[in-house]
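Starting from the known structure of chain S, fit chains Z and U onto it as the hints suggest.
Residue-level listing of the chains:
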Amino acid sequence: MKEISGTSNRVLEVDLTTRSFSVYTVSKEERRQWLGAKGLGLKLVYDRMPLNADPFGPENIIALMPGVLMGTGAPCSGRFHAVTRSPLTGIMTSSSCGGPFGMQLKTAGWDGLILKGASPTPVILRLDEEGVVFEDGQSFWGLDTQESQKVLAKGKEAALVIGPAGENLVAFANVASGHRFLGRGGMGAVLGAKKVKAIVAKGGAYKMIPKNAKAFERAKKRGNAYIQRNETSSVGLRNYGTNMNLNPNNEANILPVENFRAGRHDRAFEMSGEMTKDLHDTRFHTCKPCTILCGHSGTYGGKRMPVPEFETTVLLGTNLGIFDREMNAEWNRICSDLGMDTISAGGTLAWVMEASERGLVDSPLRFGSPEGVSEALISMAKNEGLGAEMAKGCRYLASRYGGEDFAMQVKGLEMAAYDPRGSTGQGLAYAVANRGACHLSAYLVALEVYFGLLDRHSTQAKAEFVIFFENLTCVINALQSCQFTMFAYTLEPPLSKYTPDFMLAILMRFVPKLAIALMDFSAYTHLWTSITGEKLSSSDILKSGERIHVLERYMNTRMGISRKDDTLPDRLLKESRRGDKKERTVPLKKMLDRYYALRGYDGSGIPKAGLLDRLGIGIRP
Amino acid sequence: MKKVYEPLKPGRKWFKELVAHVVFFVLGRAFQSAAKLDAGIRREVAEWEEGFTLAMCILPKGPSMLLKKVDGRIRYAGWAKEDADLIIRFKNIESAFLVLTPQMGSARAFAENRLSLVGDVARSMSFVRCLDRLLAYLYPAFICRPLVKRMPPVLRPIRRRLYIYTLGIPFGL
Amino acid sequence: MLPSYFEFYNPVKIVSGHKALDNLPYELSQMGVARPLIVTDKGVVGAGLIQIVQEAFGSSGMTIGAIYDDVPPDSSVDVVNAIADVYRANGCDGLVAVGGGSPIDTAKGVNIVVSHDKGELKDYMGADRLTGPLKPLVVVPTTAGTGSEVTLVAVIADTRKNVKMAFVSRHLLPDLALIDPRMTLTMPAKITAATGMDALSHAMEAYTCLQKNPLSDAHATAAISLISRYLPLAVEDRKNATARLALANASCMAGAAFSNSMVGMVHALGHATGAVCHIPHGVAMGIFLPHGLAYNLPERAEIIGELLLPLRGAEIYAATPPKSRPERLLESLSSLQKALESKAGLPMRLKDAGAREDQLGEIALKAINDGALMMNPREMDIEDAKAVLKNAF
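Protein chains in written order, with this note's numbering: chain S, 1 to 621; chain Z, 622 to 794; chain U, 795 to 1187.
Careful: at least some of the hints might be erroneous.
[Unchecked claim] Listed next, the in silico DSS-like pairs over lysine-lysine satisfying Cα-Cα at most 27 Å (straight line): (1) K1145(U) x K689(Z); (2) K916(U) x K702(Z); (3) K770(Z) x K1184(U); (4) K581(S) x K657(Z); (5) K303(S) x K1132(U); (6) K682(Z) x K582(S); (7) K770(Z) x K1180(U); (8) K657(Z) x K682(Z); (9) K497(S) x K689(Z); (10) K303(S) x K1137(U); (11) K1117(U) x K984(U); (12) K303(S) x K1160(U); (13) K2(S) x K211(S); (14) K958(U) x K689(Z); (15) K770(Z) x K1160(U); (16) K770(Z) x K984(U); (17) K916(U) x K689(Z); (18) K836(U) x K955(U); (19) K150(S) x K497(S); (20) K288(S) x K207(S); (21) K916(U) x K682(Z); (22) K1117(U) x K955(U); (23) K581(S) x K689(Z); (24) K702(Z) x K912(U); (25) K955(U) x K712(Z); (26) K214(S) x K497(S); (27) K497(S) x K221(S); (28) K836(U) x K912(U); (29) K28(S) x K513(S); (30) K955(U) x K689(Z); (31) K1160(U) x K1184(U); (32) K770(Z) x K581(S); (33) K543(S) x K221(S); (34) K221(S) x K211(S).
[Stated by the list, open to error] Far from chain U by the CB rule (all over 10 Å, computed), these chain S residues: (35) D47; (36) K150; (37) G301; (38) G302; (39) I378; (40) R400.
These aren't lab readings, by the way, just hints derived from the structure by calculation.
Quantities reported herein were computed from a predicted structural model and do not represent experimental measurements.
Built from N, CA and C at the ideal position, the CB exists for glycine as well.
Only chain S is shown next, with the shape it has when bound in the complex (with noise of 0.2 Å):
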């Protein structure tokens, strides 16, 4: 087997249109400046694609990109992500898989795989160290995801593919490699517009070794020991998965209950990841190589299925006003089969419940009965009735039939599953994150709900902590690592781990910048350090998080975002739940001001030009 010293630095640059492909070898300044996966996917993204481009047309441009760690078996590395210009938003979506694929382009030998044009006819693609073939994918067309992986890839090849709703374009269709998902903005339609059905990586080829091979051991121990130490990712999430979200949030009232109407319900406990271990016989179903363990298969009316993630349980769950573990796991099967983005699906089933209780729409579906939603899940993917216009989004519904105020979504991209008006920071970072309401731009409801150290429905630090978590996350993106990562590495090192809670509290809150200054996330940065070679200070890490995060934002707001879209549905503006005893909303016009301040854009939320060139963002015509 061949050996890559740190990163072989080769994209391998696929034309669709002509069917032919090239090899772009990213420069030593751009690995620096963009690390690599989600940063070095958009940057190449960035050189390539028009900023006007139909994200259906061949102008659009999707990246697939395995990261630094990717191979090396560092914590927690079996992640790949992806970027495009999204279908459903109308701007910039990145996202990010555990499934196998990205092994498989990674021991190719490849550091990235660009898609460019649009093949007239279904087409799979095949490839290896030695590049890629183009065969027929016709007869493939319309086979569902766990069929078409199961018929195309053979062996140890991994595949990456799309279902019948990528197929017909919904605009939330998603991508597939195993029982895993790039789950959001819809890159499944973009595929599907470019007619490949799938991707099929043979890797094998190559072994990653570091650079630093005694150093990255060091760093792989710490990570791992951070991993094992914290309760959050070695007891909540190995044991319960990410449905150990659910408890919390409902005692917290922040679950999201018949389409964010209410934040807790009584028999919210039942669809808890708890309940879910009890009960469906769980067994590990993760991405490779994982240290934390999150992903859980379960037994569900004798059959084995994956144990829905938390965002699925609430959105085709709670969010529906349906309490029903096999109901949920049964939808998250359709949806994945078909596949469709569940968060995104469930938010448009939510808004059509609300709607047509309101009668601005005529359909079955009432909240807290499960009569009409498989049909309807089904009928979204293969655009039949109202299911045609629900597959473009509960945004584009509220357009066409009213109700946006309580349209759930951000830039058009449907809410995951926390509500704001319990969490105010993670209202901000809602209504600012790059791909729509991403809870994952900056999980502030970690800091602020789980961990009690922020105040939860005061505006005070918040704009810091979502500025200094989008970067981070960037980072951990850009490397690629699990973003669950995240608790064991920032809060096990000696300083975060022995200082009081309460005093990290004080910190937080009255001196933030203080507090951010003294976070330790050093644990990146020695994994990066030592498989590129590349010495980078974690001060220089963060700011290659701040360019990728500012990058994103500029491209947005050259396709039209500006401050009017930094904004949350009414519902979350205007309207308190039931539950609460004070009148909660979303405080956001002092945040987003400050935030606006600190981040360096203007009054109406670009990114001012002293700022980009600071970062060495080149401005395009």
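Just chains Z and U, lined up with the frame of chain S:
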């Protein structure tokens, strides 16, 4: 001289009543903060319905404590003045003293019929599981071990004990 | 092992023997009952047993208020209310329950309703919610297993809300238990075996669990030796009236034992299995008994070893060194199980009894919330319960 027979009014056991008051307060406040710290207790409490009340009291009208689930969290609500959904009653002050000081575990107290239960039995099982975990935080292992059937596997007992005693009990955090 | 403190309460008058039923009218009149309501189920009527009860009233000058014979296998609130209406409409003044667990629990529920002017059944749910004595209640058991004739518990389902309500009160103890072997003669072999194992599990759990005391021990050991001697006989020769009487007595004694010392995990698992998979209680008890004892072994080895004496007799007990007694006991139990499986078709494993593997989690979750677990000597959390269930599957 003729012996006079008249009603006797037995005195009160002031000391034991006082101890019971204090321990109920400590227990209530500690339960409240342990429910925030400990995943096991948190999970049990998550399954109780909003507004659920649980009382522990000493018969007939002795000291008592009321726990109430408000806003998703279990709260110590002082004396049990009203009827509760689940009531755990000590039959006499001596039994209560034994259990509260803590010289006797809940399982043994139930076995020796020192406690009586009013309300849903399943819920009381859930509460006893919480109580066992709480004891593991409140007391060092050598005190806790004889009180429970098996030491509950709790995380960071010392750190959390410190929190419960310095912030939880005095300030109700 | 002498407990530092215990309580024992069993005010039930027991009238036991061949043709004991003939004394029913006399006993009723002693309690001041003139128009008893008989509560029973279709199975009892179908077996012709109600005929025997009716005949016992012949020439007694007493009026039977009514015979309610429609109690379903799982007693429910609706049925309790329906029977209470019959009771009131016919001016009855006492209850006679004839049957197994279901008619007896139902009659106890009816007694709560008819003895209180106001309120619904659910107002009295839980422990010690009843404060005053109830109407006279006579129990004629037709299954030698449940021991319900001497217990203070009644479990009644709220079928609409799909929950089981437990009622615990000393006032629920019947006033009289009438044990007549004629009532159990018609039991088929499999049910005989299941109810026998039920009684055996009552006795063994009463002997091993936390609330054991000298009085309950005496009842329990007496019951065990009767069962081990007569259960195989009764299964083999169903018309053996002596064996039937012995088992009925054993069941009653086992009931008195566990009513005062409570039961443990075997019952917790059994109740849960019944609720989830609708496996008959006795069958579940038969399956779980060895597993429960084995689980409790680390805490109760000596006490479990002592059970070898009543189960296998003095000779074998004396010939077995104390250390290997628990093991020997578990072996004897499993050979008893095997005998019952081959002769009566009593299942030994959960899967043979009709449980599905994916139900085990639900059973475990219900079991750890069962009150019986409180008195189990060894802690059992959900993972432990799942492990035991997997073993028994």
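So, going through the hints one by one against the coordinates:
Under the criterion of a C-alpha separation no larger than 27 Å, the hint pairing K1145(U) with K689(Z) is inconsistent with the structure, at around 42 Å. For a cut-off of 27 Å, the pair hint linking K916(U) to K702(Z) stands: about 23 Å separates their Cα positions. Using a Cα cut-off of 27 Å, the hinted pair K770(Z) and K1184(U) holds, with the two alpha carbons roughly 23 Å apart. Annotation: proposed proximity of K581(S) to K657(Z) holds, straight-line Cα distance about 20 Å (limit 27 Å).
For the hint linking K303(S) to K1132(U), the alpha-carbon distance of about 33 Å lies beyond 27 Å, and the restraint is violated. The suggested pairing of K682(Z) with K582(S) is violated, with an alpha-carbon distance near 36 Å, which exceeds 27 Å. Only pairs whose Cα atoms come within 27 Å are accepted, and K770(Z) paired with K1180(U) is accepted, the gap being roughly 19 Å. For a cut-off of 27 Å, the pair hint linking K657(Z) to K682(Z) is broken: about 31 Å separates their Cα positions.
Among the hinted pairs, K497(S) with K689(Z) is inconsistent with the structure: their alpha-carbon atoms are about 33 Å apart, more than 27 Å. Among the hinted pairs, K303(S) with K1137(U) is inconsistent with the structure: their alpha-carbon atoms are about 36 Å apart, more than 27 Å. For a cut-off of 27 Å, the pair hint linking K1117(U) to K984(U) is broken: about 34 Å separates their Cα positions. Between K303(S) and K1160(U) the alpha-carbon distance is near 22 Å, which keeps this suggested pair within the 27 Å criterion.
For the given pair, K2(S) sits about 15 Å from K211(S) by alpha-carbon distance, which is consistent with the 27 Å threshold. As the CA atoms of K958(U) and K689(Z) are separated by approximately 24 Å, the hinted pair is consistent with the 27 Å bound. For the proposed pair K770(Z) and K1160(U), the alpha carbon gap of about 20 Å is at most 27 Å, so the pair holds. Between K770(Z) and K984(U) the alpha-carbon distance is near 37 Å, which puts this suggested pair outside the 27 Å criterion.
This hinted pair checks out: K916(U) and K689(Z) have alpha carbons roughly 22 Å apart, not beyond 27 Å. With a C-alpha separation of about 25 Å, the suggested pair K836(U) and K955(U) falls inside the 27 Å cut-off, and the hint holds. For the given pair, K150(S) sits about 46 Å from K497(S) by alpha-carbon distance, which is inconsistent with the 27 Å threshold. With a CA separation close to 16 Å, the supplied pair K288(S) and K207(S) stays within the 27 Å bound.
For a cut-off of 27 Å, the pair hint linking K916(U) to K682(Z) stands: about 26 Å separates their Cα positions. Our distance criterion of 27 Å between C-alpha atoms is broken by K1117(U) and K955(U), whose separation comes to about 50 Å. Using a Cα cut-off of 27 Å, the hinted pair K581(S) and K689(Z) holds, with the two alpha carbons roughly 16 Å apart. At roughly 24 Å between alpha-carbon atoms, K702(Z) and K912(U) fall within 27 Å of each other, so this suggested pair holds.
Using a Cα cut-off of 27 Å, the hinted pair K955(U) and K712(Z) is violated, with the two alpha carbons roughly 33 Å apart. For the hint linking K214(S) to K497(S), the alpha-carbon distance of about 26 Å falls within 27 Å, and the restraint holds. Distance check on the hinted pair: K497(S) and K221(S) sit about 18 Å apart at the alpha-carbon level, within 27 Å; holds. Our distance criterion of 27 Å between C-alpha atoms is broken by K836(U) and K912(U), whose separation comes to about 30 Å.
Taken as a hint, the K28(S) and K513(S) pair is broken in the structure, with Cα atoms around 32 Å apart against an allowance of 27 Å. Taken as a hint, the K955(U) and K689(Z) pair is honoured in the structure, with Cα atoms around 24 Å apart against an allowance of 27 Å. Restraint check for K1160(U) and K1184(U): satisfied, since their Cα atoms lie roughly 15 Å apart, inside the 27 Å limit. For the suggested pair K770(Z) and K581(S), the alpha carbons sit about 41 Å apart, so the restraint of at most 27 Å is broken.
At most 27 Å may separate the alpha-carbon atoms for a hinted pair to count; K543(S) and K221(S) meet this at roughly 26 Å. Proposed proximity of K221(S) and K211(S) is supported: the alpha carbons are some 17 Å apart, at most 27 Å. The beta carbon of D47(S) sits about 53 Å from the closest Cβ of chain U, which is more than 10 Å, so the claim that it is off the interface holds. With a minimum CB-CB distance of about 24 Å to chain U, K150(S) clears the 10 Å threshold, and the non-interface call stands.
Against chain U, the non-interface label of G301(S) is violated: not every CB pair exceeds 10 Å, the least being about 7 Å. The beta carbon of G302(S) is not kept farther than 10 Å from every beta carbon of chain U, the shortest such distance being approximately 5 Å. At roughly 26 Å, the least C-beta separation between I378(S) and chain U is larger than 10 Å, which holds for a residue marked as non-interface. For R400(S), the shortest C-beta to C-beta distance to chain U comes to about 42 Å, beyond the 10 Å cut-off, and the non-interface label holds.
Hint check: violations occur at hints 1, 5, 6, 8, 9, 10, 11, 16, 19, 22, 25, 28, 29, 32, 37, 38; the rest are consistent with the structure.
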